[in-house]
Amino acid sequence: MVSDSGKGRGAKGGREVLIDGDKCVCLSLLFALFVYVCIRKPTSPFTHDTLLPFIHSLPPDLMRWNCNNFSNEAALFLLGVGIPPHILALPEQVFSSPLGALLRPVIEQSQGSMRPAVPGFHFESYEGGGGGGAGGGAGGGHHHINNPPPLVPPHHMPPQAPLPAVPLSNPWANMRPAAAAAATTTTTTTTSSSTTVVQPTRSKQQHISASIEPVLARHDKPLLSIDPPAALKQTVGTVITKLKTLSTAAAATAAEEGKEGEPPLLFSEDIALLEATVAVVLQPLTPLPPALSSLLLRTLLPPWPAKAEFFTLSLLRPLFLRPAFPTPALLDHLLAKLSAATATPSSLPSSSSSSFSSPSSVVIALSGLSNVCAHKAGCTLLLYPSRITVATDAAVAALRDDRPAVRQMAAAFLANLALGMQRGKEGGEGGREEGLSDVVVQMVCGTLEGLREDKDMTSVFRRLLCAGRVVREGGREAGGLVISLGFDEVLREVGREGGQGGKQVQELAREILGMVEE
Amino acid sequence: MSAPGSNGGEEEAPRFKVHLAVYDLSQGMARQLGPTLLGMEIEAIYHTGIVVYGKEHFFGGGIVSVPHEEFLASYHMQPFQTLELGETEVGEELFNEFLQEVSPRFTAETYGE
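Here the protein sequences line up with chains P and E, keeping their order. In terms of my numbering, the first sequence opens at residue 35 and continues consecutively. In terms of my numbering, the second sequence opens at residue 243 and continues consecutively.
It is worth saying that the hints were derived from the structure and are not from the lab. Keep in mind the model is a prediction, meaning the values are calculated, not measured. Be aware that one or more of the hints could be misleading.
Stated by the list, open to error - Think about it this way: if two alpha-carbon atoms lie no more than 20 Å apart in a straight line, the pair counts; the simulated SDA-like pairs of lysine to any residue are:
#  : chain 1 : residue 1 : chain 2 : residue 2
1  : E       : Lys259    : E       : Leu314
2  : E       : Lys259    : P       : Glu107
3  : P       : Lys341    : E       : Lys259
4  : E       : Lys259    : P       : Arg506
5  : P       : Lys278    : P       : Pro298
6  : E       : Lys259    : P       : Phe111
7  : P       : Lys278    : E       : Met282
8  : P       : Lys278    : E       : Glu283
9  : P       : Lys267    : E       : Leu314
10 : E       : Lys259    : P       : Leu110
11 : P       : Lys341    : E       : Pro277
12 : P       : Lys459    : P       : Arg506
13 : P       : Lys293    : P       : Pro336
14 : P       : Lys341    : E       : Arg273
15 : P       : Lys537    : P       : Asp254
16 : E       : Lys259    : P       : Leu113
17 : P       : Lys341    : E       : Leu314
18 : P       : Lys267    : P       : Pro323
19 : P       : Lys278    : E       : Leu314
20 : E       : Lys259    : P       : Gly114
As the list claims (entries may be wrong) - For each label pair, taking beta carbons as the anchor points, the in silico distance ranges come out as:
#  : chain 1 : residue 1 : chain 2 : residue 2 : range
21 : E       : Arg273    : P       : Glu291    : 25 to 35 Å
22 : E       : Glu331    : P       : Glu290    : 52 to 62 Å
23 : P       : Ala283    : E       : Arg273    : 18 to 28 Å
Cβ atoms here follow ideal geometry from the backbone N, Cα and C, with glycine treated the same way.
From just these sequences and the hints, can you work out the full model?
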């Protein structure tokens, strides 16, 4: 245990230790910043794949064992006083930001299961109210079945006591070195005697991959992005603070420009409404204030600054899991923006209010829309003919994005829509018209076209899920379509090679091929 | 920050100045990007080392003690702040014992399984 590899105390010259500085919370935070920059910049040389090794090289428990904690402990020993608290508080500070809260799961998830993930989007299969109206109010009931322990330090206290004996609720606690991050995650214990973190199985797919059941049948739940309660609370709190700050700032600017007559962005009742939201957000059975959705629609529109968009979307994402929350107006607005954002691929994000202001907004919006599929109420809204067409077109366009994060989320949304369509049909709603609808054709073509070029296996798998669901429902006609367009060849190839995504993708491709050829 | 040796040497208990060298691993990037990326002011991505007895003691995958000047030379970093934390009566030997004692908690190995 004691430094035996020359890296320990008094290492000769200490030169080789430079790299070991990576094992410092500082650098990992820097890394977190990088991830974000990468996602934002289409031209970035970094991709998720090149960054993953970095994530894996980070040690677990960085919050408690880093250079600053060491300095603090040494100072305490020498002088009886610690180092300035703001230095120790940096990790917490970063993770209290909305982005920080969003970034945590990606690191955790990548560490846990090698599955490339998107910041903040912790996908779980989730049985919400999707089975029928009965699930109505229980939207949040199952949120954290498979979820990791709370990710955010639930309070803002700077870590006063250095290295407390009690394990901190700490974002890094689940991180494991690369060697352990094999494809199958069961349970794992991390490090030090005082902290034992059992990591729950992260993905349902892996969990049941031992069974012989066909892949499609196993995946009969929508893909949802769900936050653990503590993270949710933190995100909501931060977002609301941000909105208030923006409003105050706008009022100050207006006053400076001598425009006192302007109405404020947030009226006092709006503030009360937002504060009421914080109180009920963790209580899935308590209805949200009805005016909340219209308020959040307002914050997406001018005169609110574009900055408000990211925050609002971060708030909408978890709220959409509640059956009563998504409103037609909100969905229409998001779909219209999504449409505009994906209409001109690879164009720089426009600052106009008709589109999303940044790629990360697109990702969160797609994730939020995926969450709408958690319940029947949301599915019904999305499957409304005018919406489903726009949604499918926009999501298919987003599959052509060069950022894996966008593709993953778009594919998840499509897979959820396909599931919603299938369930709607099972429910016997609306007699099916003869022939394949445009939406079905678009889904099949959109997900299978260019499948081989998509190197992101999460995205590929979700695309196949969507295609598989549609093909299964579409029967002979859908099969004919796949063959006539030559996609059976694509499936055959993916079924053979599968890419590094492995078995899951291969099996699913073969399964779809089997249906097509029937 | 330079070689804080003993001072006030005429007393029988020598006192040693303790400095905290604060580095910004992001080289200013955090300060620049913090507001945009995180919506908050971030002064720096801190790395710190305790400078005492003319040596810099820091943690980087293990506890390392090197002469302060050597640290600056080999890591090409300049502290953006050097805080004087105070003076200690603890001698170097005792401090080394302390390092020995805590090192199991601060080694790369504890990071493993």
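| Which of the numbered hints above does this structure break? | 3, 4, 9, 17 and 19
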